[in-house]
Amino acid sequence: MTDLSHLRADFPIFDREINGHPLVYLDSAATTQKPVQVIDTVDTFYRTMNANVHRGDHTLSAEATDAYEGARAKVASFINASSPNELVFSRGATTSLNHIAYGWGLNHLSEGDRVVLTVMEHHANVVPWQLVARHTGIELVYLTLDDQYEVDLSGLDDLLDERVKIVAVSGMSNVTGTLGPVRALVEAARSVGALVIVDAAQLVPHSPADVQELDADFLVFSGHKMLGPTGIGAMWGKPERLEEMEPTEGGGEMISDVGLYESRWAPVPHKFEAGTPPIAQAIGLGAAVDYLSAIGMETVRDHEHEITGYALKRLAEIPDLNVYGPSDPTNRGGAVSFSLADIHAHDIATILDQHGVEVRAGHHCAKPLMRHLQVPATARASFYLYNTTDDVDRLVEGLLDARSLFGLGT
Amino acid sequence: MTDLSHLRADFPIFDREINGHPLVYLDSAATTQKPVQVIDTVDTFYRTMNANVHRGDHTLSAEATDAYEGARAKVASFINASSPNELVFSRGATTSLNHIAYGWGLNHLSEGDRVVLTVMEHHANVVPWQLVARHTGIELVYLTLDDQYEVDLSGLDDLLDERVKIVAVSGMSNVTGTLGPVRALVEAARSVGALVIVDAAQLVPHSPADVQELDADFLVFSGHKMLGPTGIGAMWGKPERLEEMEPTEGGGEMISDVGLYESRWAPVPHKFEAGTPPIAQAIGLGAAVDYLSAIGMETVRDHEHEITGYALKRLAEIPDLNVYGPSDPTNRGGAVSFSLADIHAHDIATILDQHGVEVRAGHHCAKPLMRHLQVPATARASFYLYNTTDDVDRLVEGLLDARSLFGLGT
Amino acid sequence: MSSLDELYRQVILDHYRNPRRRGSLSGPHIHAEGMNPSCGDEFSLDLRIDEGVITDAAIQGQGCSISQASGSMMTDVIVGKTIDEAREVTATFKLMMGIDEGEDPLDPERPGAVLGDLEALQGVKKFPVRIKCADLPWTTLTEALDRIDA
Amino acid sequence: MSSLDELYRQVILDHYRNPRRRGSLSGPHIHAEGMNPSCGDEFSLDLRIDEGVITDAAIQGQGCSISQASGSMMTDVIVGKTIDEAREVTATFKLMMGIDEGEDPLDPERPGAVLGDLEALQGVKKFPVRIKCADLPWTTLTEALDRIDA
Ligand SMILES: Cc1ncc(COP(=O)(O)O)c(C=O)c1O
Ligand SMILES: Cc1ncc(COP(=O)(O)O)c(C=O)c1O
Chain S
11 MTDLSHLRAD FPIFDREING HPLVYLDSAA TTQKPVQVID TVDTFYRTMN
61 ANVHRGDHTL SAEATDAYEG ARAKVASFIN ASSPNELVFS RGATTSLNHI
111 AYGWGLNHLS EGDRVVLTVM EHHANVVPWQ LVARHTGIEL VYLTLDDQYE
161 VDLSGLDDLL DERVKIVAVS GMSNVTGTLG PVRALVEAAR SVGALVIVDA
211 AQLVPHSPAD VQELDADFLV FSGHKMLGPT GIGAMWGKPE RLEEMEPTEG
261 GGEMISDVGL YESRWAPVPH KFEAGTPPIA QAIGLGAAVD YLSAIGMETV
311 RDHEHEITGY ALKRLAEIPD LNVYGPSDPT NRGGAVSFSL ADIHAHDIAT
361 ILDQHGVEVR AGHHCAKPLM RHLQVPATAR ASFYLYNTTD DVDRLVEGLL
411 DARSLFGLGT
Chain V
11 MTDLSHLRAD FPIFDREING HPLVYLDSAA TTQKPVQVID TVDTFYRTMN
61 ANVHRGDHTL SAEATDAYEG ARAKVASFIN ASSPNELVFS RGATTSLNHI
111 AYGWGLNHLS EGDRVVLTVM EHHANVVPWQ LVARHTGIEL VYLTLDDQYE
161 VDLSGLDDLL DERVKIVAVS GMSNVTGTLG PVRALVEAAR SVGALVIVDA
211 AQLVPHSPAD VQELDADFLV FSGHKMLGPT GIGAMWGKPE RLEEMEPTEG
261 GGEMISDVGL YESRWAPVPH KFEAGTPPIA QAIGLGAAVD YLSAIGMETV
311 RDHEHEITGY ALKRLAEIPD LNVYGPSDPT NRGGAVSFSL ADIHAHDIAT
361 ILDQHGVEVR AGHHCAKPLM RHLQVPATAR ASFYLYNTTD DVDRLVEGLL
411 DARSLFGLGT
Chain F
4 MSSLDELYRQ VILDHYRNPR RRGSLSGPHI HAEGMNPSCG DEFSLDLRID
54 EGVITDAAIQ GQGCSISQAS GSMMTDVIVG KTIDEAREVT ATFKLMMGID
104 EGEDPLDPER PGAVLGDLEA LQGVKKFPVR IKCADLPWTT LTEALDRIDA
Chain G
4 MSSLDELYRQ VILDHYRNPR RRGSLSGPHI HAEGMNPSCG DEFSLDLRID
54 EGVITDAAIQ GQGCSISQAS GSMMTDVIVG KTIDEAREVT ATFKLMMGID
104 EGEDPLDPER PGAVLGDLEA LQGVKKFPVR IKCADLPWTT LTEALDRIDA
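Protein chains in written order, with my numbering: chain S, 11 to 420; chain V, 11 to 420; chain F, 4 to 153; chain G, 4 to 153.
Isolated chain S, as found in the complex (with noise of 0.2 Å):
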């Protein structure tokens, strides 16, 4: 087992108590806990350097502008794009997929043509979109998921025509692990020239990502579920997709030129980030992808498969539950979402909490896949590199609780 566990001491939280007992921390697909070595940088940035960017030319906002383009430099590279200017800073990912919906599908879209998403979308990659049929009369077109939890591709050939102008799909689920099948959407949706976005916001954190051999036209993401500051996430796109779109904020920094009633704008990325950016949350991101390049993606990856597969084994041994994802630990994500016989998710996360163990319940911002699943809620442990195997232990002991405090033999 790939043991990662010396990291744990890189994490002030695990200090922590809940409920009397060390935290479990099981819920890094909402966010993830933070390293000191990002803490302290933003912490240094705001103590030393602390200015804004691009603008004047003095010491500090020098400094502070070239920490803020090496942090996109650094972001760019660990998706590997060819060049820092494909990055755009945003909030998070939801602001991305916005801007994306609204900057490329709003000029470019129009009653009649088509997006393809799937059931398992995050609620951040299908309102948007349905923000923009409103305005757009487009239609959206949902592929489904088959029962082993994977995107149903058996009827794509015949959904795919020219009115299909985006395909939209989730690089990984964050309820129930699945991988998007980018590659075969991309190949697909190329034949018809459609453009395909991937919500990365669970694949960038979890492994390896080349936005070069994917290639997607538009990749998104978020620093806080990779070991970053809140704040912060990226939009990666295609130069040529970059140029097309417009901008969808206006403000300082993103203009060349601003008249009375006609502005121009500054180049790619800089049209897109109108405004102060969130300049120390971009350096914070900039470390945590410094951390977790030293570790290495592949290293991730594999300790979060180990660390699925075991927890997939032992909740198998619990009676009466329920897993709601793909059975193969190598072939999906660390999310697990799962049922305990007729306990309600908030009692199990109520139970567990009680045992120091921080899982999800809801909906997990996924209600369309709520309905496909046909359950109102599901309960959700999800791992990251600081996981280790006692954690998935504490968990069946809570949930063996569970059982019991609702009567159920264990």
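Please keep in mind that the hints were generated in silico from the structure rather than gathered at the bench. Check the hints yourself; a few may be wrong.
Claimed, not checked - List of simulated lysine-lysine pairs, DSBU-like, C-alpha gap at most 30 Å: (1) S:K248 to G:K129; (2) G:K129 to S:K84; (3) G:K97 to S:K84; (4) V:K84 to F:K135; (5) F:K84 to V:K84; (6) F:K135 to V:K248.
Since the structure of chain S is already known, use the hints to place chains V, F and G with the ligands on it.
Structure of chains V, F and G with the ligands alone, referenced to chain S:
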């Protein structure tokens, strides 16, 4: 003189030297420095209670949610909002203005409608309206500045008719320090049923601001300009206005239900906060607001009047120095723009930087104002609570050196 | 007793698994729906009112044991009560749960203080984030009663 | 000499205050414009080319002493040179300023190494954020020359 110099010890950055001199930071209109109280709040959040908000029912998540919503309540009461629900967190003033322009403007404005601005607006309060104009065909109309650098209201009565739907004005210019005549504009706008939007990015940080007293419809500001972290800001709106406004970002947390083709929105303010918000940053802004409240915003304003008065007096001693802005220090903000003989603003900034004095040079994201002033760029010193008269003296010394470097007598 | 044992008392699990008056009413009735946006719990309520007295109730919904049991117990208590009495019970319940502040709700001298099985929900107080679950049926009830008065 | 004295040499201030060849050309010429988006400096260039030789130049623009002086000095050097020689001077200048990397640009053996007054701009190297100012006229020149070749 209101002496706040004891507060400087709270700002770690003042331990720094710039080009061999102790830092004199005169660029607070671009972004302010941060006290340890803010830096440590962010730090402690990541170390001890980091979790996503409004999600799941585990202890960490509940603590993070309480801290985040607690920050909303603090920031709302700082501007005397009637309820925390009137305050929407955003990435900053720019994002807030774009949200209003798109979320309210795009849904309520149509061809022939007018938006009244002033020539002193920051690009953040110009470009979004130009973008909305492209979609709707509205007209932008500008109030100008008189020769005292005050907004010229003489033509207002003629200008205001039922075509005017919005009056959007800066509460304080980041270039000239001019105070926007908000109360006068609110009264005038009411008479034709127009909304008033206040860009308070330079107002809220520097003086008491009371949204009930101002009685505008929307008011926006940025956290990083008021001791808070980067990546956070706010939009305050009257409840009716927020109800009328459409969300501009779709995603998690802003919904009450999501179907495949249609969704329903969550109540205000969550309707406007799609996805994971800048959690740590909002909490940091809460700490900034605590810090400012402990000093008292009257004291902050008085100190700024005094230091601005001292600066105007000392600058007047320098030959060929021209200040662009009102001359009464008690009726203006602490952003002091100037030119010096034929020395270009960037040369001034470079020379001052060698003296450890950080000022900004350029168009200050206010190109329409630069054209009005008929200058391509100005140098700008801007003050905040940590500045002292010594800082002003250092500025003056540097400017005298600039004269001598450019072969002008001193 | 651990706080979890206090939370998941037998009577609560019983109401969760065997909710009373589950379904909907036919004929004239008042209908109200409630939802807890943060956790997705749903609760809907039908009430029949005859001459100011709640003569029948039916509930539907889905959610955790606390919200569903609270709803089931609620119908047990309110059926047979006048509208005013039902409001009084609601107030008493909210006092007991610490949702509203005031004098001791379980003082036996207090009118309307008879909460019956509902007293088992006191264990929820130790779980602040779950209080809204227990409260969901009661906010729905209040909405329904307000509709009659309006 | 302090780095500021090195930056603001007499010859630079002289070119800033008395720019050579300020204005525009009439008759056939190549025109190119450059702008430094971060500081707003603007520079525009007219070139007359006769049989591969730059026979006249005129500049306009506004900006700091460094960008304007660099532009003025540039015209002094390039007028009378062939297009290839002008490219060579550009390369030499960029080497001197550390914008491009390569062998010692001021080696007197090097062809096109005669930068004249331009050598005074070496002081800018200590001010990294100002290098783009010095470079603005040269990127504009390159754009103009590329236009001829195209
Ligand atoms: C698959 C997926 N997409 C998008 C998002 C939205 O990310 P954020 O909330 O950081 O904007 C999430 C996070 O929950 C996610 O899991
Ligand atoms: C008057 C004014 N409005 C708006 C802004 C934009 O603020 P931000 O860049 O934080 O979005 C600024 C900041 O420069 C400003 O001074």
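Hint check results:
no.: 1; hint: S:K248 to G:K129; verdict: 36 Å, violated
no.: 2; hint: G:K129 to S:K84; verdict: 26 Å, holds
no.: 3; hint: G:K97 to S:K84; verdict: 27 Å, holds
no.: 4; hint: V:K84 to F:K135; verdict: 23 Å, holds
no.: 5; hint: F:K84 to V:K84; verdict: 43 Å, violated
no.: 6; hint: F:K135 to V:K248; verdict: 27 Å, holds
Against the hints set out earlier in the document, violations occur for numbers 1 and 5.
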